[in-house]
Each structure stands twice: as structure tokens, then as C-alpha cells.
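Residues per chain, in single letters:
Number of protein chains: 2
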Amino acid sequence: MEPVLSIDPRTGESRGQVAVEADAAAVDAAVRAAHGTLDALADRPLRAALLRAAADTVESRADDLIATADAETALGVPRLTGELARVAYQFRFFAGIVEDGSYLGVVIDQPDQAAVPPRPELRRWKVPLGAVAVFAASNFPFAFSVPGGDTASALAAGCPVVVKAHPDHPATSELAATAIRDAAEKVGLPADVLTLVHGRQAGVDLVRHPLISAVGFTGSIPGGRALFDLAAGRPEPIPFYGELGSLNPVLITERVAGERPDDIAAGLVASYTLGQGQFCTKPGLVLVPAGPSGDALVRAAAGAATAAAPGSLLDARMRDNFLAGFAARAALPGVRALATAAAAPTAQAPQAVRAGLLEVAAADLVSELLEECFGPVTVLVRYRDPAEAQAVLSGFGGNLTATLHADPDEPEAAAWLARLSRFAGRVIFGGWPTGVAVAPAMTHGGPYPATTSPTTSVGGTAIERWLRPVTFQTAPPALLPPELRG
Amino acid sequence: MEPVLSIDPRTGESRGQVAVEADAAAVDAAVRAAHGTLDALADRPLRAALLRAAADTVESRADDLIATADAETALGVPRLTGELARVAYQFRFFAGIVEDGSYLGVVIDQPDQAAVPPRPELRRWKVPLGAVAVFAASNFPFAFSVPGGDTASALAAGCPVVVKAHPDHPATSELAATAIRDAAEKVGLPADVLTLVHGRQAGVDLVRHPLISAVGFTGSIPGGRALFDLAAGRPEPIPFYGELGSLNPVLITERVAGERPDDIAAGLVASYTLGQGQFCTKPGLVLVPAGPSGDALVRAAAGAATAAAPGSLLDARMRDNFLAGFAARAALPGVRALATAAAAPTAQAPQAVRAGLLEVAAADLVSELLEECFGPVTVLVRYRDPAEAQAVLSGFGGNLTATLHADPDEPEAAAWLARLSRFAGRVIFGGWPTGVAVAPAMTHGGPYPATTSPTTSVGGTAIERWLRPVTFQTAPPALLPPELRG
Chain H
3 MEPVLSIDPR TGESRGQVAV EADAAAVDAA VRAAHGTLDA LADRPLRAAL LRAAADTVES
63 RADDLIATAD AETALGVPRL TGELARVAYQ FRFFAGIVED GSYLGVVIDQ PDQAAVPPRP
123 ELRRWKVPLG AVAVFAASNF PFAFSVPGGD TASALAAGCP VVVKAHPDHP ATSELAATAI
183 RDAAEKVGLP ADVLTLVHGR QAGVDLVRHP LISAVGFTGS IPGGRALFDL AAGRPEPIPF
243 YGELGSLNPV LITERVAGER PDDIAAGLVA SYTLGQGQFC TKPGLVLVPA GPSGDALVRA
303 AAGAATAAAP GSLLDARMRD NFLAGFAARA ALPGVRALAT AAAAPTAQAP QAVRAGLLEV
363 AAADLVSELL EECFGPVTVL VRYRDPAEAQ AVLSGFGGNL TATLHADPDE PEAAAWLARL
423 SRFAGRVIFG GWPTGVAVAP AMTHGGPYPA TTSPTTSVGG TAIERWLRPV TFQTAPPALL
483 PPELRG
Chain Z
3 MEPVLSIDPR TGESRGQVAV EADAAAVDAA VRAAHGTLDA LADRPLRAAL LRAAADTVES
63 RADDLIATAD AETALGVPRL TGELARVAYQ FRFFAGIVED GSYLGVVIDQ PDQAAVPPRP
123 ELRRWKVPLG AVAVFAASNF PFAFSVPGGD TASALAAGCP VVVKAHPDHP ATSELAATAI
183 RDAAEKVGLP ADVLTLVHGR QAGVDLVRHP LISAVGFTGS IPGGRALFDL AAGRPEPIPF
243 YGELGSLNPV LITERVAGER PDDIAAGLVA SYTLGQGQFC TKPGLVLVPA GPSGDALVRA
303 AAGAATAAAP GSLLDARMRD NFLAGFAARA ALPGVRALAT AAAAPTAQAP QAVRAGLLEV
363 AAADLVSELL EECFGPVTVL VRYRDPAEAQ AVLSGFGGNL TATLHADPDE PEAAAWLARL
423 SRFAGRVIFG GWPTGVAVAP AMTHGGPYPA TTSPTTSVGG TAIERWLRPV TFQTAPPALL
483 PPELRG
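First to last, the protein sequences are chains H and Z.
Quick note on the working numbering: the first sequence kicks off at 3 and runs consecutively.
Quick note on the working numbering: the second sequence kicks off at 3 and runs consecutively.
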């Protein structure tokens, strides 16, 4: 049994063994245990109670969860405190959705002899898909991991969850899983509504398991695509809801660059260095006008980037990839480093790095610069006229977000918003893409590779991913669930 | 260029050349032409007008469409008259959905500083995925082909459609495509909102085309799975909404078998021989109690099956497969032929066949009998007690439908409905699965292999397959589409 170690990314040193990797038998046991709770989870009020209890439990264990997560991720106590509060809010948000019941999509059709063909009485709602697998993300040890949005929305839908822990925070994962399992027992549900496995091969075995009915994933394009291919290649293919990667382009018009260069530069640098640039919504490419107004913005951004505090990335591999990725991009023809990403060791954080900032003329933009570079760096692309900006945008694949900084009175503003919506799931006006609200109207998803399906992994409609419709035809209402008797 | 011939299935003879198979360049041209109409189709009132005009046009050309379809499919004028009326109804049904606008899923969140994290103003709706491919089915030359549900729902969503015609009715496909293209021009839209291609390789090229954003398919498991794999294996995978195959089991309780053996037998035989058994919802396996009440039902069914009128199948391959499939099943240990499927040539229809009916004890049920046999045959499975019936049902994969004949007062009736809903998308009480109403609450889909995704291809929510969500954050309402300004 391979040991699972907890690593301190500030020092690169092991904090000790947390668990062992799950072999095929352990994965099978975790899946069967979770699957066995499907009938118990069918009780809607009890499910809402579970979600509220999970919120309470993670809050009551916040100190331990946050300290452990900080030791494993170096994301810092303030950020992790906010992330845990988000998780508790999210559990209660989905409890409200379960109680409300609109998500069941109940539609009742009375018979209609005038329809062609004549319509019998039909009663439709949605039922859970079954047990689901959730892959935790590296960069959000709470909000996109064991107690995160995939887990909360799947449990809300009535689907038991088997989580594949991320190797960057196995101890946090164990604590969070225990918190949810304890919450289940507190409300009278089996603890196994959520089970946890560690290990890369365990993830593969999980996606292939015949009793797994869907997968939620947040992570890299190569890893996500490999698992997507496994899910699609099963004898019975299952939905794979993967969030894989996003460049999150920003377009700044000439007018606003001239009006508010310092504001926009400060906002941009704060956004792309937030959490050491380890957000899936980090603005990774910024279209800035050529000429004097753009120059002022670029100067301000370079100053802010150089002044940004160094920090540690989530693990040694990410640190190496970030520094190598920055160096490779900086060496491309026409690319200028306005701030240089580099090692910035301190006594407490010998693995820390400082942020980078790159600039290139739109004419020199090559495909390497359109690939996401995970970590604190962004690329300022200088465009000479709107047509050139438009040409850059039209070469983009799918994105989670796209952002417009424009004056609302600019004649082209509406057209830019429409264009950005063609390749992104969320279009931000005058703000920054980092920060994804847990809200009914949120979309956190976009055309491939942003996500592998036209759905959202954050917000109220994330629950729809774990459901399928069922229609009862001419069934006596007394024989149906209460929701369908109306 | 390979010629595309129209074949008369009653005689097996060619009616002449209709078109040529599309080579790669022709497929590319068809896709680009359709894709080029995306912006024009964004006009919602115009889209509703298109759908109403399409209904009018197919109705005004009904005689020609029906005569051509009958000559190519042998489905008969009465059935095809009903199917065309359904198609016109369906176009108008989706026009109403477009006008209503609820399908857009508009959600507007006001800012909320108390949310965690604080919530900015968010405005969400759904936008069309892009140009889509629709594969026509053999067995419904109108309702699941060029002018069918996939086409109507995709156009309603704002997605241009490239149809891959089915080789069993190429002339009908050409006429129907022209009707829709003419309807588009009548309302001021480009004719290319729908384009048509013929040929097996054209279908492959279509699924692989980078400008195709989703696929709708109705057909066999092998054909559908091959195309599903292509769609999932693209550099940018796309949703593949396939309806592949279904056994549509029926459970008859001992009590109702004893009460109404003749009624149920007559209903069953009418349902499984409807359209010569070429329905995706044909009841292909019927659990009938062992013992005297079941015996009476079986005797009545055997009589009705033997008396059923012979008819022609859709093509020679299906006829051969049906006769071979019947013979192979009838030869299995323990299987008894109550009516023997066989050639039944007449002067007008030298290729006609008569229906078959098989019986087997549950204990002798083998996997070959759980595979769909396209054509007029069903298998009566005799069970000794409810536990044995339950054991048979628990071995099933996904199905489009499952049907219960029980007395509403039977203590187990509700539990049977719940069990049937675990593997089927539509559960019918006291009726028959053939006949799928075009209605808001319809579900025509189910766990794999019934469909490849948890969606429906018939009914109001079929439109959801062709849409993706987009959220605008803090965007001035004046810059947004009217639907999002509220």
C-alpha cells in the first residue's frame, strides 16, 4: 500500500503520512459503500438537514481545517478562512435549493385530446443519477475539493459521493470528509453518503467503476481529458463534468485605458496575483491598446507587479512548471518581461516565487501565449485598433470568463459583450474574473476546454448535472412521490 | 460521386436516383452554409415564424410527402398522415416555446453583500451551442428525420441544422428539407438554416467537422455508439444526444392478468405490431405470471398475433435481420414460438412478413432475449412470483420506457413504479409504450443505451440539449439583449 504524505509547500518537506493509496479493492469498497446509501438519500428533508449539518460541522471545526489546509497549501489563513465560510454558505445555499424543490423540474400535463398525437396525463420530475465521483482540485482545498461545490450539489441532488482526494492536501481532505460523514450520522443518515479515496490509479478505477454514474472534475487539461476519455470509453458511458482550463481574456478599450489607467492596472495585478495566480479564473491575457493611454496603464501594471508580495505555490511541480513556463514565454520573439517571475526565498518560505508580467504586440502573439500558465503571471497584448483586438479574440477556444473594461457609452460596448459571450460562460463588465459567487444566476463553465459539457459547476443550476428526467404516464397520483401528486 | 437510390421496400426495387453521396468537400460546404446562418437565427420572433412557416409548408405539401414516404418505407398512408400531422404540431409546439421564452432560463440576481463571497449583479440566460448535426432515423421518415423533433428543437434553440438523411427515405428527406428551406425564405431567413447530406461517410465527416457543436441521433446501438465515440474523441469533444435502443419491458401482475386477460393481450399485440414493430418504444419483453391467469392472457395474445396482418419492413436488411433474429431466439432452450415470424409474400408486397410471438420461463431467460429485435416480435417471460419478476427487472440496462399493468389497489403497485423508474425514462401505468406525446412533461430518453445522455429527444425540454448558459456580471442592462434587461 503506497503511503500518502502531507507536504508543506513552503519548505517542500513532508508533514508525515496521512493515509494509503486505495487499491482496486479499496476503491470498490468505497463505491459500494456510497452506492448503498442511495435509498437513504432519497429523503429530501433529510438531505437538506444533511447539508445544513455539514455547514455547521465544517464551521465548528474551522480552526483545525484551516490550520491543516494552510500547512498543506500555503494559501494563508485569511484566504482559507474566507474559503471555508464560502463552503458553509454553499452547503446552506444548496439546502435551500433542496427545500425549495424547483430543481426537480416538476411538470404535470393534463390529458389533451386535441394534441397530435393525443396527450395522455404525464407527470415529470428529475431523479438522481446514482453514486458519483468527485475529483478534488489542487487550488481550492475546500471550495472545489471534498466539501466543495461538486459534493454539495451532488448530495443536494440525492447522489452519494466518492471523492478522489488531491495529493496537495490529503490531511485536509481527511478532516473534511470526516466532518461531512459526521454530519450525516448526526441527522440519521449513513456516514457513507460520502467516502474518500487517495491515489492516481484510484481515480482511474473510480471513473471505470460500473456503479459510478457521473464524474465531477476540476483540474488540468491533460488530466481532465484523460479521465473524460475513460468516462466516454466505458461500456456504459457516463457524464463527465470537467472544468479543465481557461485563459480568461480581458479587453480594455482605448477610452477607459486613457480615463483610468491606474485603477485598471491595480485591479488587474490584484486579480492575477490573487492566491498566487492559482485561480482557474485568473486573467491570463489582457488586450491593452497600443499608444500613450495603454502605455500609462502598462507602466502602472509593471510597478504593481514588481511590488507584489512573493508567495509559495501549491507544490514543487507547480512551482517548477510556473518558472519554466514564464521563462519559455519570456524568451519568445517580441515578448518583453515587465516583471520577472523568479525564486524569492525567505526563511519561512524557501520555495516562494515572485510574480511576473509579460508584454507583446498583437502582431507577435503566438499560440504558446494562448496556453494557460498556472501561477502569478499574465500577458499584456498590445493592439493597434479594434479590428486587431477582434482578430485576437476570434482565435480563442472556450473560456470560463471574458472581461470587458469599456465605457458604457462607447458605441461598440454592446457588440464587444456579445462577442465575448460567444466563447465564454461568464462575461464581466468593468470588474475582474477572480471570485465566483455562489448564486442562482452564476455560470462557471464554458465551451471546451473550459468545461467538457455545457453546464456550470458553481451556482444553483450546478445541481442539474446530477439528475435525469423521468415521466410517469397515466399513473394514479396516489402511487407517485408527493411532489408529483399535485 | 456515389448515387443515392430510393428503394421500394415492398418489392425491393429501385425507384431511381435521388441525389449523390456528399464527399468531404460537400459536407464542408453544407456545414459552412448552415453555420453562416447562426446570426440570422438569433432573432427569436423570426425563429418562431420559421417554425410556424415550416408547419404550414409541410402541411401544404402533405400529399407529395406522404406518397413519397409511403413508397420508400411501406409504412402506409394512414400512419404517415398521422406522422406528418405530428410533425406540423411539433413545429408549432416549439414555436410556442420560443415565443414563451421560459426555455432561456433567465435568472437575474441582485447584488447581495451578505452572501459569501459577496454577490455582484448577475444576469444569466442560455445561448445556442452553434450549428448542429441531426441524423435521421429509419423508422420515422418525418417525426424523427429531416422535419422531426431534433430539427424542430434545434432550430427553436437558434441552432442551424445539417441533417444526415437516412438511406431508407432519401427522396422524402429531399422533399422535407426543401419544405423547411422554403419556409425559411418565406419568413426572410436564409434557406441554409437547414442543409442536407447523404451517405455514411458524410455522417462521419459531419460529426468530426470543427464547426459542428452538437449531434442528435436516433438509430441503432452499434451505429450510434460509433458516432458517439467520434464525437467524444474530437480535439474539442461535443455533446452527442443519441437514442440508441430499448427493450421497453412490461410487467403484468397476477391480479390484472386474471381480471383482464383478453384486453391486455389485445393491447399488447396491437402495440408490438404497430408500424410492423419498428418503434423504438415497442414492448419487447413482457413479464407475464405463470399459472392459469397468465395462461389465458398468453393464449389470447397468441391468437391475436397469429391474426395480425403481415406487412413490409423498412428495408431488405431489416427484414433479413428480423427473420434471422426471430429464428435464433426461437431456437434457444426453453423458448416456444406461439406465432412464427415468416415471409408472407403477396402480389403487392413480395417482401412482407408476419409477426412472431415467443414465450419462455423466467428461469430460462438468457441474455440473447434481452437484446432488442427490431420488427414485430415480443417475448413473453413467465414468472412464478414477484421476486422472480423483480430479479429479471434488476438485470436490465437503461430503457426508454417501462410499463406496469397492475390494479391501483395492489399493495406493491407503488413499489413497482419506483423500481421501473430506476432504469427507464418514462413509466407507463395501464397503457402501452408506443406513442410518444409531444408535450411539456414528456421524457423520451433513459439510462444508456436508451440514450447517451440524461436528456429527452421529445417534448418541451428537448430544446435544452442545444443550449449553454451564459452569465453577464455587472453589465449595464442597456448593453444586454432585451430578455436580460428586466
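Be careful, since some hints might not be right.
The list treats identical chains as one, so a pair stands whether inside a single copy or across any two.
[Claimed, not checked] Distance condition first, Cα-Cα at most 20 Å in a straight line; then the derived SDA-like pairs of lysine to any residue:
#1 Lys188 x Leu334
#2 Lys128 x Pro442
#3 Lys128 x Asp41
#4 Lys128 x Arg210
#5 Lys128 x Ala26
#6 Lys128 x Ala417
#7 Lys188 x Pro47
#8 Lys128 x Ala349
#9 Lys128 x Gly107
#10 Lys128 x Ala420
#11 Lys128 x Arg421
Hints are computed from structural coordinates only; laboratory data are not their basis.
Checked hints:
no.: 1; hint: Lys188 x Leu334; result: neither (58 Å within a copy, 54 Å between copies)
no.: 2; hint: Lys128 x Pro442; result: both (18 Å within a copy, 14 Å between copies)
no.: 3; hint: Lys128 x Asp41; result: within (15 Å within a copy, 33 Å between copies)
no.: 4; hint: Lys128 x Arg210; result: neither (25 Å within a copy, 32 Å between copies)
no.: 5; hint: Lys128 x Ala26; result: neither (32 Å within a copy, 41 Å between copies)
no.: 6; hint: Lys128 x Ala417; result: between (38 Å within a copy, 18 Å between copies)
no.: 7; hint: Lys188 x Pro47; result: within (14 Å within a copy, 53 Å between copies)
no.: 8; hint: Lys128 x Ala349; result: neither (55 Å within a copy, 51 Å between copies)
no.: 9; hint: Lys128 x Gly107; result: both (6 Å within a copy, 17 Å between copies)
no.: 10; hint: Lys128 x Ala420; result: between (33 Å within a copy, 13 Å between copies)
no.: 11; hint: Lys128 x Arg421; result: between (34 Å within a copy, 15 Å between copies)
The structure does not agree with the numbered hints 1, 4, 5 and 8 stated previously, though it agrees with the rest.
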